[in-house]
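J.: These are the residues of each chain, in order.
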Amino acid sequence: MGLEIRDIEHAFGDLMALDGVTFDVVPGVITGLLGPNGAGKTTLLRIMLGVLSPDSGSVRYDGRPVGEEDRRRWGYMPQERGLYPGMPAGDQVVHFGRLHGLSRSDATSRARALLEELGLEDRWKDRTDKLSGGMQQRLQLATSLVHDPEVIVLDEPFSGLDPVAVVSLSETLRQRARIGCTVLFSSHQLDLVQDLCEDIAMVDRGRTVLLGSVARLRASSGRRQLRLHVEPSNRDWLSAYPRVTVVSDQADDLRLEVPNGIDPLDVLDAARAGGRVDDFGLDLPTLSQLFLAAADRPLDQMVVS
Amino acid sequence: MRNWWQGTRLVAERGLVENLRSRAFKVMTGLLLLMSIAAVVLPQILGNEATTYTLATVGTAPANVRAALDAAGKSAKFTVKYVSGNAGDDVRLAVRNGDASAGLAGDKLYTDAKGGGTFPVVVAQAVVSLETSRLLVEAGLGPQQIAALRSVRPPQQIAVGRLDSEGRAGTGFAVGIILYLAITFAGTAIATTVAMEKSTRISEVLLAILRPSQVLVGTVVAIGTITLCQLLILATPFAVAVQVTDKIGLPPVAAADITLAVVWFLLGFALYAFLFAASAALVNKITEVNSAILPVTMTLVVGYMLAITVVTSDPSGGWSVLASLFPLSAPMAMPIRWAAGEVPVWQLLLAMALTAATAVLLVSIASSIYRRALLITGHRVKLREVLGGRAAS
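From first to last, the protein sequence lines stand for chains A and B. In terms of this note's numbering, the first sequence opens at residue 1 and continues consecutively. In terms of this note's numbering, the second sequence opens at residue 1 and continues consecutively.
Don't read these hints as lab results, they were simulated from the structure. Some clues are possibly wrong.
Label-pair ranges, simulated between beta-carbon atoms [to be verified]:
id, chain 1, residue 1, chain 2, residue 2, range
1, A, Asp106, B, Phe25, 50 to 56 Å
2, B, Thr287, A, Thr22, 30 to 36 Å
3, A, Lys125, B, Thr259, 26 to 32 Å
4, B, Asn3, A, Thr22, 28 to 34 Å
5, A, Phe12, B, Thr287, 52 to 58 Å
6, A, Ser103, B, Val302, 29 to 35 Å
Away from chain A, derived, C-beta distances all over 12 Å, residues of chain B [claimed, not checked]:
id, residue
7, Gln6
8, Leu207
9, Leu210
Derived DSBU-like pairs: lysine-lysine, alpha-carbon spacing no greater than 35 Å straight-line [what the hints assert, rightly or not]:
id, chain 1, residue 1, chain 2, residue 2
10, A, Lys130, B, Lys114
11, B, Lys114, B, Lys77
12, B, Lys285, B, Lys382
13, B, Lys81, B, Lys108
14, A, Lys125, B, Lys81
15, B, Lys285, A, Lys125
16, B, Lys74, B, Lys114
17, B, Lys108, B, Lys74
18, B, Lys114, B, Lys285
19, A, Lys130, B, Lys285
20, B, Lys26, B, Lys77
21, B, Lys74, B, Lys26
Glycine included, C-beta positions come from ideal geometry on N, C-alpha and C.
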């Protein structure tokens with residue numbers, strides 16, 4: 001069920017933009033297609049939307065190859081915003097609704113409801129180029145959601161948004177996922193979207209490097225860090241855990257990396273047996289740390305924020 | 001197929017509404033209408049100053065001569081003024097000095113150096129007719145017999161020369177100019193729309209929903225409709241004037257010629273429109289449109305030049321035949337040849353078929369260029385980048 005992306009390959013001349021990318025997008029689960037700039041995310045989304053044809057591989061939806069008719073029911077928001085500058089905001093949304101197959105009256109009532117949801121209800125008659133950047137961004141979202149798409153694909157929807165807009169866009173996407181839509185978006189700002197994605201497909205240089213549920217990937221990464229504030233500075237108890245490594249040990253602050261197979265709570269107990277623990281915490285790796293580990297890249301090559 | 005038309009219709013509808021709403025369209029159409037009205041009305045106003053002739057006579061002109069001339073003036077739309085002199089010399093001098101168009105003194109009719117045009121003939125006829133009537137009365141004929149004699153007319157003269165002479169050739173020429181201008185204007189409008197859609201990235205959203213051919217055909221239909229409407233607006237005052245008065249100096253044109261002109265506009269427009277659209281898809285910034293469409297504009301200019309030079313001078317020569325059959329020049333060359341009346345029907349049909357087939361072929365080539373070029377941004381796309389290689393789906 002949902003979207004199945006299988007072995008997609010695509011080359012631009014000699015440059016292999018996509019080299020066998022495979023992953024699934026499950027309905028109701030917000031999925032992030034993550035990776036640095038130039039990883040091939042936009043190319044992959046364009047292939048899914050039929051704007052580009054892959055050299056090989058397939059995109060399937062509900063077990064069938066995706067056709068033109070399926071895509072007409074999808075919603076797509078490309079990376080660079082595309083709106084008619086001279087068109088009134090409301091007409092714009094109605095036009096795209098009709099292109100997606102709605103009747104004029106359906107498109108109009110849906111457009112009104114959406115602009116209200118996105119806080120643009122009093123802008124119906126305003127020319128698009130008279131709206132602020134943030135409003136145009138929301139209008140663009142409206143044009144891709146007007147036909148209640150069952151599949152929503154967004155390319156870098158968060159780039160250039162202020163924190164308030166990030167929260168409100170996230171809420172809109174969560175709400176669509178809750179009612180069972182298949183939601184896929186791409187981003188290079190891994191840590192910004194860490195809390196929004198439930199599943200991720202991480203790509204680098206055209207290949208998938210990390211797949212699966214964010215919570216599970218972070219918990220099982222083996223890069224969990226246990227943070228302890230212990231007195232006195234007795235570290236003898238650590239010798240019982242030879243696989244636990246000390247990341248830093250300054251004054252009373254101790255930071256330990258706890259590999260898979262060792263329960264961090266056991267380590268905490270051992271520390272408490274050795275001395276008084278004032279403060280503690282378990283830090284899971286961020287998505288960018290996971291990416292660095294998976295892509296085996298030095299930090300200076302990464303563009304993350 | 002139903003969906004193809006539905007999507008195409010929506011693209012065309014949007015293009016129409018946006019164009020009709022734009023200030024540029026309103027201003028342009030208003031100007032066209034004004035120009036057209038002026039072209040029809042001004043000659044009427046200027047030409048309506050009734051022609052006035054002056055007849056100089058010795059003493060007051062005889063009442064019967066006046067009556068005959070005024071009657072002739074009524075039917076031929078001129079008025080006659082009279083001046084009188086004391087002697088034959090006064091009359092002669094009046095004509096010589098240009099104070100009178102003709103002078104009547106005894107049995108002499110004075111005219112200016114060039115013979116004075118038609119007025120002296122009219123005066124002479126009036127004098128002859130009056131004198132003849134007087135003699136007939138003296139000979140004892142009754143008024144009925146005289147009226148019967150005077151109703152004798154020379155045989156009616158009807159021109160039967162072929163219309164292919166100057167008037168019709170002029171029409172072909174005018175059609176060529178109008179087609180050339182209309183295609184240039186409409187082509188630029190199409191190129192601007194495509195470049196705008198590419199530079200604002202709307203095209204990417206459109207391509208996710210529609211096929212390139214739908215976007216292209218929709219855009220071309222919208223702008224073609226608008227241009228055709230503007231042409232009709234341009235033609236309306238002429239049509240009205242022809243209905244209201246027959247005094248318009250239009251050359252005698254068969255309705256078939258006008259119909260052909262419209263057909264050629266549609267064919268020529270379809271052909272060039274897709275060339276304009278495909279070239280505009282290559283731009284990176286909207287300001288590059290003019291240089292991107294230059295090759296198309298040049299082709300159009302060359303076709304037009306061929307039409308007005310080669311074809312006009314020798315409509316049945318080998319080069320003319322070639323120019324009127326070759327799809328890129330046919331829309332301008334064929335109407336001129338056709339107007340000259342030297343085209344076998346099969347050549348006309350062949351030219352139309354070739355042009356239409358090329359237009360259809362261009363839709364698919366342009367769609368393929370369009371789809372690939374739209375995704376290449378950041379630099380001017382070279383034709384080499386979008387031709388060859390994998391076929392567009």
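J.: Hint by hint, note whether the structure agrees.
T.: Hints versus structure:
1. Distance hint for A:Asp106 and B:Phe25: a CB-CB separation of about 30 Å, inconsistent with the stated range 50 to 56 Å.
2. Taking 30 to 36 Å as the suggested C-beta distance range, the pair B:Thr287 and A:Thr22 does not conform, at roughly 43 Å.
3. Under the hint 26 to 32 Å, the C-beta atoms of A:Lys125 and B:Thr259, about 43 Å apart, miss the expected range.
4. Remark: the range hint 28 to 34 Å for B:Asn3 to A:Thr22 is upheld by a beta-carbon distance near 31 Å.
5. Between A:Phe12 and B:Thr287 the C-beta distance comes to about 26 Å, which lies outside the given range of 52 to 58 Å.
6. In this structure the hint that A:Ser103 and B:Val302 lie 29 to 35 Å apart at CB is violated, the actual value being about 48 Å.
7. Its beta-carbon lying about 8 Å from the closest one in chain A, B:Gln6 breaks the requirement of being farther than 12 Å from that chain.
8. Chain A draws B:Leu207 into its interface by the beta-carbon criterion, the shortest separation being 5 Å against a cut-off of 12 Å.
9. The Cβ of B:Leu210 sits about 7 Å from the closest Cβ of chain A, inside the 12 Å cut-off, so the non-interface label is violated.
10. For the hint pairing A:Lys130 with B:Lys114, the CA-to-CA distance comes to about 72 Å; that exceeds 35 Å, so the pair is violated.
11. A threshold of 35 Å between alpha carbons decides the hint, and for B:Lys114 with B:Lys77 the separation of about 22 Å falls inside it, so the pair holds.
12. The straight-line distance between the Cα atoms of B:Lys285 and B:Lys382 is roughly 14 Å, inside the 35 Å bound, and the hint therefore holds.
13. Between the alpha carbons of B:Lys81 and B:Lys108 the distance comes to roughly 19 Å, so the proposed pair stays at or under 35 Å and holds.
14. A hinted pair counts as satisfied when its Cα atoms are at most 35 Å apart, and A:Lys125 with B:Lys81 does not qualify at roughly 68 Å.
15. Of the supplied pair hints, the one linking B:Lys285 and A:Lys125 holds, its CA atoms being roughly 28 Å apart against a limit of 35 Å.
16. Distance check on the hinted pair: B:Lys74 and B:Lys114 sit about 25 Å apart at the alpha-carbon level, within 35 Å; holds.
17. Using a Cα cut-off of 35 Å, the hinted pair B:Lys108 and B:Lys74 holds, with the two alpha carbons roughly 25 Å apart.
18. Simply put, B:Lys114 and B:Lys285 have alpha-carbon atoms about 66 Å apart, too far for the 35 Å limit, and the pair is violated.
19. For the hint pairing A:Lys130 with B:Lys285, the CA-to-CA distance comes to about 21 Å; that is within 35 Å, so the pair holds.
20. Between B:Lys26 and B:Lys77 the alpha-carbon distance is near 41 Å, which puts this suggested pair outside the 35 Å criterion.
21. For the hint linking B:Lys74 to B:Lys26, the alpha-carbon distance of about 45 Å lies beyond 35 Å, and the restraint is violated.
Checked against the numbered hints listed earlier, the structure breaks hints 1, 2, 3, 5, 6, 7, 8, 9, 10, 14, 18, 20 and 21; every other hint is satisfied.
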